[in-house]
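Given these sequences and hints, build the entire structure.
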Amino acid sequence: MHPIDLAVVLAYAALITFVGIRISQQIKTAKDYFLAGRSLTWWVIGLSIIGTNVDTNGYIGASGNAYSIGIAQANFEWIGAIPAMIIASLIFIPLYWRAGVYSIAEYLGLRYNQAVRVVAALIVTTVSVFAMGVAMWALAITLETFMGWPIWLGILTSGTVVGLYSIAGGLGAVAITDSIQVCIMFVCGLIIVAIGISDAGGAESFVSKLTAANPTHLSAYLPADHESYPWHGVILGLGLVLSPAYWVGGQAILQRTLGAKSQWDASAGMMFAALAKTFVPVLIVFPGLLALVMMAEIDYPDMALPWVIKNVLPVGVSGLMFVAIIAALQSSIDSSINSTALMITRDIRHVLIKNHDPDSDLKIGRFLTLALLLTAMSIAPYIGDLGGIFNFLQFLLSLFQGPMLALLLLGALTRRATPMAGIFTLVSGVVLAALLSVVWELNLLYVAFFSFCYALPTLWIVSGFTEPHSDEHLENLTYSPWRGR
Amino acid sequence: MELPVVWANYISVALFLILGIGVWTIPKSAVVPEEYSGQTWRDLRWWATALIAFQILLYGYFS
Chain S
52 MHPIDLAVVL AYAALITFVG IRISQQIKTA KDYFLAGRSL TWWVIGLSII GTNVDTNGYI
112 GASGNAYSIG IAQANFEWIG AIPAMIIASL IFIPLYWRAG VYSIAEYLGL RYNQAVRVVA
172 ALIVTTVSVF AMGVAMWALA ITLETFMGWP IWLGILTSGT VVGLYSIAGG LGAVAITDSI
232 QVCIMFVCGL IIVAIGISDA GGAESFVSKL TAANPTHLSA YLPADHESYP WHGVILGLGL
292 VLSPAYWVGG QAILQRTLGA KSQWDASAGM MFAALAKTFV PVLIVFPGLL ALVMMAEIDY
352 PDMALPWVIK NVLPVGVSGL MFVAIIAALQ SSIDSSINST ALMITRDIRH VLIKNHDPDS
412 DLKIGRFLTL ALLLTAMSIA PYIGDLGGIF NFLQFLLSLF QGPMLALLLL GALTRRATPM
472 AGIFTLVSGV VLAALLSVVW ELNLLYVAFF SFCYALPTLW IVSGFTEPHS DEHLENLTYS
532 PWRGR
Chain G
13 MELPVVWANY ISVALFLILG IGVWTIPKSA VVPEEYSGQT WRDLRWWATA LIAFQILLYG
73 YFS
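So the sequences go chain by chain: S and G.
Following our numbering, the numbering of the first sequence begins with 52 at its first residue and continues without gaps.
Following our numbering, the numbering of the second sequence begins with 13 at its first residue and continues without gaps.
Note that these hints are calculated values from the structure, not bench results.
Any given hint could be a false lead.
Claimed, not checked - Each pair of labels, with its calculated beta carbon distance range:
hint : chain 1 : residue 1 : chain 2 : residue 2 : range
1    : G       : Ser49     : S       : Gly199    : 56 to 62 Å
2    : G       : Ile33     : S       : Ala275    : 24 to 30 Å
3    : S       : Lys312    : G       : Val18     : 43 to 49 Å
What you are looking at is a predicted structure, and each value in this text was computed from that prediction instead of being measured.
From the three backbone atoms N, C-alpha and C, an ideal C-beta is built for every residue, glycine too.
Listed below in C-alpha cells is the structure:
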C-alpha cells in the first residue's frame with residue numbers, strides 16, 4: 052500500500068475513535084446507551100441506517116454480482132427495499148415509537164405475549180453472533196488482501212477500533228460514526244463513477260461498450276428461468292416478503308429510529324435512508340459494470356471491486372476507497388453488537404430473570420457488548436470451517452421471516468390478532484417453511500413467499516377462535532389513523 | 013411464468029403506483045405533528061411521492 056493511502060487509513064481510524072470516545076462522555080443511563088438518550092436527528096438516523104445496511108458482503112459481493120448479472124443486482128436496493136422503507140417510515144416506526152419500546156421483540160411481547168418476544172430475540176441474537184463473526188472475518192480478509200496483514204492482526208485491529216467506540220459510546224457513537232462512514236462511502240462511489248465514465252470515453256460510450264458484449268446487463272429483471280434471480284421470485288419473495296420483514300422487523304436497522312428525538316425525526320430518518328438507498332447502486336453496482344467495460348482480467352466476479360480500486364483509482368483515493376470498505380463493515384458490526392446486546396439485556400434477561408435489576412442494564416449492556424465483540428473475534432478465524440453451521444443459521448432465519456412478517460402486519464394493522472394465534476402461526480409457519488425448503492427444495496425466495504401466504508390467513512382465522520387483548524391494551528399497539536385517532 | 017421479462021417492469025411500476033395511492037390515504041395528521049403543520053416540507057407523504065416517482069422512472073428506463 053502506498054504511504055499516502057496508509058496515511059488516509061490511519062487518519063480515518065483516529066477520527067472514528069476520537070468521535071466515538073467523545074460521544075461516550077455523555078452516557079449516563081441505559082437509555083443513553085441503547086437509544087442514544089432519544090436524541091438522534093433525522094439525517095443522522097438515515098445515514099446510520101444505510102451504514103448498517105451496506106456491509107462488505109453487500110459491497111464486494113454486490114459488485115461481483117453486478118459484474119455477472121448487471122443492473123438486476125440493483126433490485127436489492129430498489130424494489131427490494133424502497134416500498135418497505137416507505138411503509139416502515141409511515142406506519143411501523145410511528146407505531147413502535149408510540150409504544151415506547153426499545154426493540155421490535157419488545158413490541159411483539161406487548162402485542163402478543165412474552166413467549167413470542169423471547170423466541171424472536173433468541174433467533175435473531177444467535178444468527179447475529181455468527182453474522183458478526185463472518186463480518187469480522189471478511190474485514191480481516193480485506194485487510195490481508197490490501198495491506199498484507201495476517202488474519203489475526205486484521206481481526207485484532209478492527210475489533211479494537213470498533214470496540215473502543217461502540218462499548219464506550221453505545222448507539223449514539225455508533226450512529227454518528229456510521230454517518231461519517233456513509234459520507235466517505237458516497238464520496239468514494241462518486242469518484243469511481245466520475246473516473247470510470249471519463250476513462251470509458253463518456254456515458255454513451257460506457258453504455259454501448261457495456262451492452263455490446265452483455266445485452267441484458269442494463270435490464271432490471273432476469274428471465275423467469277434464471278437459476279438465482281427469476282423475476283417473479285424477486286418481486287414475490289424479495290419485494291413482498293423478505294424486504295418488508297427486514298425493514299419493518301430488523302432490530303439493528305430500526306434501533307436508531309427508536310433513538311430519535313421525536314417521532315417525526317424517526318420517520319423522516321427512514322425516508323431519508325430510502326432516498327440514499329436509491330443511490331446505493333452507484334456504490335456497489337457501478338464498480339462491477341465498470342470492471343466489465345474496462346475488460347478487467349479477473350479470476351472470479353468478486354474480484355471486480357478490488358480490481359477497480361487497484362487499477363482505476365489514483366493514489367490517495369484508493370486509500371479512501373479502502374477506508375470505505377472498512378467503514379461498510381465496521382458500521383454493520385457495531386450496529387449488530389449494540390442491537391444484540393440490547394436484546395439479550397432486555398428481551399431475554401428481563402423476561403427470563405424475574406428479579407432483574409433494571410438499574411444494572413447499562414453495566415450489563417456494556418459487558419455484553421464487550422463479550423459479543425470478543426465472541427465474534429474468536430469465531431472469525433474459524434468461519435470457513437463453520438460454514439455449515441452459519442448456512443444453517445441463515446436458513447433458520449429465512450424460515451422465520453414469512454411468519455414473522457404476518458405477525459407484524461396483522462398485529463400492527465388490526466386488533467384481531469390474538470396471543471394464542473400468534474404463537475400457533477409462528478410455530479406452524481416455521482414448520483411449513485422448513486418442509487417447503489427441505490422436502491420440496493424450493494428456492495428461499497419462494498419459501499418466504501409461500502410461508503407468508505400461509506401465515507397471514509392462518510393468523511386471521513385462528514384469532515377468530517381465541518381470546519384477544521382488550522381494546523384498551525391495544526390502543527397504542529395498533530396503527531389506525533383512519534379511525535380518527 | 014410465460015410472461016416476457018418486461019412485464020416485471022410493468023408489475024413493478026404498478027406496485028409503486030398502488031403504494032403511491034396508499035400513501036395519500038394516510039391522513040396528514042398521522043404524518044405531520046401539529047406544531048409542524050404549516051411546513052409542507054415536513055409532510056413525509058411528499059417525500060414518499062418523490063421517491064416513488066423516481067423508482068417508476070428507474071424501472072421505466074431499465075426495461
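Each hint, compared with the structure:
1. G/Ser49 x S/Gly199: 56 to 62 Å: holds, 59 Å
2. G/Ile33 x S/Ala275: 24 to 30 Å: Holds, at about 28 Å.
3. S/Lys312 x G/Val18: 43 to 49 Å: holds, 45 Å
Of the numbered hints stated above, none is contradicted by the structure.
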